[in-house]
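Residue numbers (the working numbering), protein chains in the order written: chain A, 3 to 117; chain B, 495 to 606.
Treat the hints with care, since some could be wrong.
Subject to a maximum C-alpha distance of 30 angstroms in a straight line, what follows is the list of computed DSSO-like cross-link-like pairs (lysine-lysine) [unchecked claim]:
(1) K536(B) - K16(A)
(2) K59(A) - K562(B)
(3) K11(A) - K598(B)
(4) K11(A) - K536(B)
Derived from the structure by calculation, the hints contain no laboratory data.
Each chain, letter by letter, is given below.
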Amino acid sequence: NAGVTQTPKFRVLKTGQSMTLLCAQDMNHEYMYWYRQDPGMGLRLIHYSVGEGTTAKGEVPDGYNVSRLKKQNFLLGLESAAPSQTSVYFCASSYSGQGGTDTQYFGPGTRLTVL
Amino acid sequence: EDQVTQSPEALRLQEGESSSLNCSYTVSGLRGLFWYRQDPGKGPEFLFTLYSAGEEKEKERLKATLTKKESFLHITAPKPEDSATYLCAVQGVGGGADGLTFGKGTHLIIQP
Numbered sequence: 003n004a005g006v007t008q009t010p011k012f013r014v015l016k017t018g019q020s021m022t023l024l025c026a027q028d029m030n031h032e033y034m035y036w037y038r039q040d041p042g043m044g045l046r047l048i049h050y051s052v053g054e055g056t057t058a059k060g061e062v063p064d065g066y067n068v069s070r071l072k073k074q075n076f077l078l079g080l081e082s083a084a085p086s087q088t089s090v091y092f093c094a095s096s097y098s099g100q101g102g103t104d105t106q107y108f109g110p111g112t113r114l115t116v117l
Numbered sequence: 495e496d497q498v499t500q501s502p503e504a505l506r507l508q509e510g511e512s513s514s515l516n517c518s519y520t521v522s523g524l525r526g527l528f529w530y531r532q533d534p535g536k537g538p539e540f541l542f543t544l545y546s547a548g549e550e551k552e553k554e555r556l557k558a559t560l561t562k563k564e565s566f567l568h569i570t571a572p573k574p575e576d577s578a579t580y581l582c583a584v585q586g587v588g589g590g591a592d593g594l595t596f597g598k599g600t601h602l603i604i605q606p
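The task is simple: from the sequences and hints, build the whole structure.
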């Protein structure tokens, strides 16, 4: 099993450009999450999904959109990138979240720079 | 609002010198406390989950313990390969999100 994979690994954008980050998992997990990690701060939840076709906002959702069209994929979109979105983005997945406690497994991350 | 505070921010030890990392937390009903290891340029790697006060878990040179207010990650006779940033996170019963609330991490360096 590859676990959680993310593409691309690195990306540089200009302010105002758009892009989509792809997360894929092969563990048949129901829940998927997008976090961002910034220097001096803990990982913060952007959006999450409890199943195919569902999405919900996390702690810092502004400026991002997400879609979960297939159970194994979770996409994070930036419609108009801003320098404040320069960060490392991590995707995670877990078997289930609600009603129980399941370990979240993380991908290798995407380093995004917005100029 | 769930909160996690880790201390120290950074710790430098000699190889073989045992120590402990602290994770203090406030949460509206703890469902789980997680420890992760993160190497530079990599994603967090799962180490332990603790569910209730008094619980302990071990893996090689690492031992995690949990009380009602804090968790400790004890490192016994560390080796240089234990150098990493160690992250603590909690999952509470309150709120709509099932994501984790993370601390800022402890950057551990083990010198040969």
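Hints and how they fare:
{"no.": "1", "hint": "K536(B) - K16(A)", "result": "holds (25 angstroms)"}
{"no.": "2", "hint": "K59(A) - K562(B)", "result": "holds (29 angstroms)"}
{"no.": "3", "hint": "K11(A) - K598(B)", "result": "holds (23 angstroms)"}
{"no.": "4", "hint": "K11(A) - K536(B)", "result": "holds (11 angstroms)"}
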